[in-house]
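Fit chain to chain and form the complex, with the hints in mind.
So the chains spell out like this:
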Amino acid sequence: MKITLRRKVLGLIAVSVLLTAFVITLVSALSIVRRADEKAAAYKETLLSERKAQIKGYVEMAAKLVENLPLEEAKKIVRGMRYGDKGYIWLQDYHNVFLTYVDPAEEGKDQTDRVDPTGRHIIDELTKVARDQGEGFLNYYGYVPGQQDRRPKISFAKGMPRNGWIVISGLYIDDIDRAVAEEQARIRHDVSITIAVQLGVALAATALLMLGSAFFVNRYITGPLERITRIMMHFNNDLTTTIPVAGSDEVGDLAKWLNEHIAGLNKSIRMVAGATGGLHNHAGAISSAISQQSSFAAQLSSSVAEMTSTMEELSASAVQIAQHSQGVVERADRTLADTRSGAAEVEALTVKISSINSGMQANLAEIVELGRRSKEITKIMEIINNIANQTKLIAFNAALEAASAGEAGKRFGVVAVEIRRLADSVVESTAEIEGKITEILDAVNRLVMSSEKTSLMMQQSQESASHTVAMLNSMVDGVEESTDSARQISLSTKQQQIASGQVLLAIREIDQGVRQSTDSARESSVVAGELAELADKLKSLVTTFKIEPDGAAAGRTG
Amino acid sequence: MNGEAAKRGIFPLPVLFFSVGGVHYGVSTDQVLSAAARGASEDGEPLWFQREMGYGGEPACPRPAAVAVKAAGGKRLTVLIDSLEEIAEVAPGEIRPLPPLVARHARRKGVWGVIPRPGRMCLLIDFALWTKS
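Protein chains in written order, with the numbering used here: chain A, 48 to 605; chain B, 371 to 503.
If we strip away everything but chain B, and leave its shape as in the complex, we get (with noise of 0.2 Å):
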């Protein structure tokens, strides 16, 4: 499925729920190239995805997950994230904008929208951008 056309609203966008240091992730599974845990089969030096978008101190997953993606210009980049946690299909409408006071600095990491969950939010990232920046 197109992860712009997804942007756009048109279709249910299937996501690939994850969560580092205790915030909840969602990226678009077009996006997701495999999963698999710390050490196996990675290319180069895995990114540690705490690390990458500032949120200070060391990971301390113990059993860290590690998610194959497609970076910028079709690049495969392996991050290292706390615990996969579920596809599902989310609705276009359920996909909120950020707040325009943090959307520019937001979409700069990456950042592109938010998706309400029961008991949480979830921030939705693009790894495209992401690696951009």
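For reference, chain A alone in the conformation it holds in the complex (with noise of 0.2 Å):
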């Protein structure tokens, strides 16, 4: 069951009234009863004083009365006393042995054993007072005369040692207790209607405490809880909800807070709202790039597939390479065997021309003689040598020039070195021309003739067999170089066959690491996706939130 806060400050309110009434009741009623018994037992005291007022008047009286009287003369007037409705006097001895009494068949009885129902021995205490005390009361419970019963009673006993007597006479003092009785009762009943005005008193002082209270707790607690609580029962995430504050107290304090804290949280709200537009436009752009990243991953993909294809292919043609190099190192090695043979053939056509050469060796000595002879023409031969010289400069100038105006000037650059060579032969030739100038100089008619063609064919024969050998060595050099070259283009293309290879697998590697960044690229673009989704939701919850503009929320808790 719910208990609302009203109920439960006025039932609390209720209970400590209630509670307070209650005890000032109870301790008011504690009160009185304790001075109704000191009343009731004043009220009891006072009759019995009465009482033994009453009783020791008679005895007094009848001891006056009888002092003076013989013993006979005595009983006669004891017997004869009566008082009220019931009283009487007895007289008897310090034996315990009545004189007189008012029923004559205990006459001259010791009643030493007379006792009551609790035990007491009756009258052997009352001479007992009598004897040490001279007189006094004893209470007691005696039989009323005539009946079974006994009741509470009260004598008194005065000793006349004079005489040997003792006077006693009692009284019943139920009636002091029914008395006293009636006088608590009535008491009891004036405590009664008293706690029962004070309960009443209590309960319309607590129903008019309570209207006040309800008053207060409705204007000042719970009416403005109940407002707040309503309010924020409508809430329904409208942060520009604003809680009245009432007072200063706790629950204008608790009103303050809760506007602080909807400011608080509107101006949160706001930037959350500002910050979820942000991460929105963040996962587009993060998907959008992982777009272009995915396709240009797929371009690349396919740049590398077109790679490793053309690589295989080009793999493949190095390998022919390879094959029609280690062809051509093999031709390479045969002409190299053949120009080798053809070198040898020459050099026996040089031993030959050596030979002949030697069958000349005379014709050479008058040669040589007109040589010496011919030093007189040196001077024309340095002449010639200078030209040549010269004219191989030009042939040089030239070179420059026809290599300088480029596939123009090969032609050009051919002649020149034709020049070159011709000026080379030129200055070869002066020495020749000077053996023969010398040799028409020193043998004019015995030599010429044949010296002359003999001369000429030496030349000429040496000439070619000069000119076949160092063609054919430098064939030799040619084919040596043309066979290394071979092996050594052999060599690199199974390098780069090699290199082919590894440049092929680095290919497929890249291949591979592409695709894996394709996958990577599609898995980031399902985050992306899942983060934009993240980020709508985001946005349509901060949406439910009903926000004011930024500044507007200052005032409120102000």
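Read the hints as simulated data drawn from the structure, not as lab findings.
All figures in this text were calculated on a predicted structure; none of them were measured in a lab.
Certain hints may be false.
DSS-like, lysine-lysine: derived pairs with alpha carbons at most 30 Å apart [stated by the list, open to error]:
id, chain 1, residue 1, chain 2, residue 2
1, A, K123, A, K133
2, B, K445, A, K457
3, B, K440, A, K457
Using C-beta positions, here's what the derived DEER-type ranges look like [as the list claims (entries may be wrong)]:
id, chain 1, residue 1, chain 2, residue 2, range
4, B, R446, A, N433, 20 to 30 Å
5, A, H371, B, R446, 28 to 38 Å
6, A, N433, B, P486, 29 to 39 Å
7, B, R446, A, E556, 53 to 63 Å
8, A, S513, B, P470, 22 to 32 Å
9, A, E360, B, S453, 47 to 57 Å
10, B, P486, A, I480, 19 to 29 Å
11, B, G391, A, E360, 49 to 59 Å
12, B, A407, A, I480, 34 to 44 Å
13, B, L471, A, I430, 43 to 53 Å
14, B, G391, A, T355, 54 to 64 Å
15, A, H371, B, G424, 42 to 52 Å
16, A, S451, B, L471, 28 to 38 Å
Each residue gets a CB set at the ideal place from its N, CA and C atoms; glycine is no exception.
Written out as structure tokens, the structure is:
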């Protein structure tokens, strides 16, 4: 069962007031009862004192009457003494023997064994009081004459030692207890009335206090709290809500705190809304970037595939080139062998020419002789040499020009080279010319014809042989270079083949990396999509809050 | 023919071979303007190649040749050498780079490559670099 705050507060007040009233009433009642008991006790004591005074008066009066009389006279007087309804006086001695009594049958008998229901020896104790104190009272339960029941009774005994008598009389005091009980009943009745009145007053006061408390509780506690509760129940994420601040007590503080909290929440939600927009845009940008990356990776994968295909073809071509290079090497080896064979043949020819040359030694001796004589024309030879050198320089310059002219100057370059070689030949020929001139000069008639012919033949043969040897040697060198180059090409091709294979392997690894990159981009795209979806959800969640513009919330808490 | 293109090994390189102090050299014909005998139409004071290369000693060739070359900045310069040998086209593949140990030092002297020839090694020289250094 729902118990409202108002009920709790009012209940607490009611319980407090009722408890206070109950305690006050209880204390008051106890006090009244205690005073009533005291009053009853005093009343009882008063009645008892009156009774005591009464019986004491009767006993003292009887003692006065009989103290100077003989026993028999005294007995007559005492037997005739009555007072009230059932009051009588008896006379006894100090040996507990009744001298007179209301019941004559008991006179002359020892009453020592007379006891009351409590076991008290009544006569013996009265005798003892008279003997010890001269006079005194004794409470006990005594028989009512003519009845069997015993009732509370008080007796007064006064000793007359000179006569040896004791005068005693007693009165029943149960009527005193009844009177006291009646008085106590009356007092209890008064107490009950008083308690009832007090309770009634307390209830009335409680009711009034409850009404006042209800008014104040409703006005200052539950009313504002119910207003706050009602506003908060209809809050519905409306951050423009303002809770009225009533007073500066705890409820007012609560309203202020709630306003501050709503303002802070408004600010936070506004920031979250801004951040959500940014997050949404960033998620879109990430998704777009990943899409571009994915597209680029796909293009890259295609390009890598094309590169792989191309490299495979290149590798196959490298294998074919290696095979062809090996063929070239073998061919160059055969050419080298043939060239060396040709060179050997020419060497043999040179030997033969040398043999012929030996036969011409005599003629040569003559030529030497002629040469010795041709020193006079050395200057002419130097001029010729200078001309040949200049021709050679010109040929160099012509060759330079031809080289700088490029393809167009190639023919001219060949001519320049030939001119240079001719100049060289001229330089070489000057010696021969010098010899010829020397022969002409020294052996004008004897050796002109034969020496000239022989010399010419020898010169031509020698030149041919030398030229052939030089050519063959040059060919051998060229073929050796060609063979080396072919071997180098073959080796390079094999290296290229290996390198192509490595490149192909690397490209395949790149292809695998690109595929992995594409997969990663796809996964990133999925994650970016989830992020965008999350941003949308957050955005929709933020839109459930109604917020007010920046700065407007500041006035709510002030 | 462009010397830079030839350096990149694109075309055959026409080279003028010459010798100085028993060492054989080659120079792209692009950098050679003309060849002449010593004392013939020289522009300014000629440079002794042997001295400029720092070989030590004095040139001993009785009949040196004078080669007019293009120096740095297009300047004409006459260089004295021992003898001209030949002009020939050299395939780029024949040109070998200098060993890394000496390449930097040699390049300051204008030497940028080596051409193996039968029985000898020819150093390729760039007169533009040579004169600049």
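Each hint, compared with the structure:
A threshold of 30 Å between alpha carbons decides the hint, and for A/K123 with A/K133 the separation of about 18 Å falls inside it, so the pair holds. At most 30 Å may separate the alpha-carbon atoms for a hinted pair to count; B/K445 and A/K457 meet this at roughly 27 Å. Of the pairs offered as hints, the one joining B/K440 and A/K457 holds, with about 22 Å between alpha carbons and a cut-off of 30 Å not exceeded. A hinted range of 20 to 30 Å for the beta carbons of B/R446 and A/N433 is consistent with their spacing of about 26 Å.
Checked against the given bound of 28 to 38 Å, the beta carbons of A/H371 and B/R446, roughly 49 Å apart, lie outside it. Between A/N433 and B/P486 the Cβ separation comes to about 34 Å, which falls inside the hinted range of 29 to 39 Å. Restraint check, B/R446 to A/E556: a C-beta distance of roughly 57 Å satisfies the suggested window 53 to 63 Å. Our hint of 22 to 32 Å for A/S513 and B/P470 is violated, since their Cβ atoms are close to 44 Å apart.
Taken as a hint, the range 47 to 57 Å holds for the pair A/E360 and B/S453, whose Cβ atoms sit roughly 52 Å apart. Under the hint 19 to 29 Å, the C-beta atoms of B/P486 and A/I480, about 38 Å apart, miss the expected range. The beta-carbon spacing between B/G391 and A/E360, approximately 53 Å, falls within the hinted interval of 49 to 59 Å. Distance hint check: the CB atoms of B/A407 and A/I480 are about 22 Å apart, inconsistent with the given range 34 to 44 Å.
Under the hint 43 to 53 Å, the C-beta atoms of B/L471 and A/I430, about 51 Å apart, fit the expected range. Separated by about 56 Å at the C-beta atoms, B/G391 and A/T355 satisfy the suggested range of 54 to 64 Å. At about 48 Å, the CB distance of A/H371 to B/G424 agrees with the hint of 42 to 52 Å. Here the CB-CB span from A/S451 to B/L471 is close to 35 Å, well matched to the stated 28 to 38 Å.
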